[in-house]
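Kindly produce the complete structure, drawing on both the sequences and the hints.
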Amino acid sequence: MKPFLRCVGASLFGALLLAQEPARQAPQAVGAPAVQAASKRYETNAWPRGAVRAGVDLAAIVLPGFAGGAIERLGPGPVQRFFADAGRVDRVLVEVHVGDDVDAAQRHLLGWLAHVSSPGLVPTSASAGIPLGDVGFIGWSKPSANRIAWLAFVRDNVAVRVVCLDPSVDPHPDLAACAQLVDAAVGREALVAAKALPPRPDVTMFRAERATCRAGDKVPLAVGVDVAAGAATLRFEVDGPGQGYVEGDGKGGHVLCTTGPGRVTVRLVATGARCTSTTTSVQVDVGPR
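Heads up, the working numbering is the position in the sequence shown plus 855, with the first residue counted as 1.
Keep in mind that the hints were calculated from the coordinates and are not lab data.
Label-pair ranges, simulated between beta-carbon atoms:
id, residue 1, residue 2, range
1, P998, R896, 17 to 27 Å
2, A889, R1144, 40 to 50 Å
3, A887, P974, 17 to 27 Å
4, G1071, A1051, 44 to 54 Å
5, D1025, S972, 24 to 34 Å
6, G1079, D1140, 21 to 31 Å
Virtual Cβ for every residue (Gly too), placed ideally from N, Cα, C.
Spelled out as structure tokens, the structure:
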């Protein structure tokens, strides 16, 4: 995992993208006060409302002049993909959140806007001559030099943020073109049937070989994922009070490596090709050595 992904505090992005960069945070819960306040400030009742699409194939998106990395997911946050320049330095980050409906995607966009440090409203991308999605917003690094720090928008049930990781770099990435490429990809995705949800990976099996063990034991995990909705990327998260981590077994499988006593919860997050995810979990009680 990239070091950048481990630095999730607002301080990093605040220093990187100056006053108008949204701090990185977990998605806002429904009805969260900050999102409710942002909804009123940005008059979301007047925002266009689109349909529900299958998501977006982030792995298939090509940004000219950049090499796209692997699809990654940071905890409960959005799906991410870094794009590097010819020197293999990451310059652009694309984040995608696929909501079950339009409201969910708009709330996610509001979560980004609610944490912008600028006291005023974030300007729309349309005000800068950059049409994006149903509604879009722009964070400037240096408007006089046409340097954009980030662009965020929602199209239908898909929220997207495109970030310049170093707004001072020359040549400056054409963030508007990057965002419009992603927007076009979302618009090409199939609509789902009325009242249906976007397709997600189907976790057909997730269990631990043993429900109890001792600290230091390795417990095999049985995992099955139906990839009808597209190949899935698997992420394992381990919570205590017990301690441990998940690693590959060298044969295509996975094992829980326990390191401290207590109940361990292992969450499996399976992210499909179109940035939708399914989460499930198992528990193992870990005794002392």
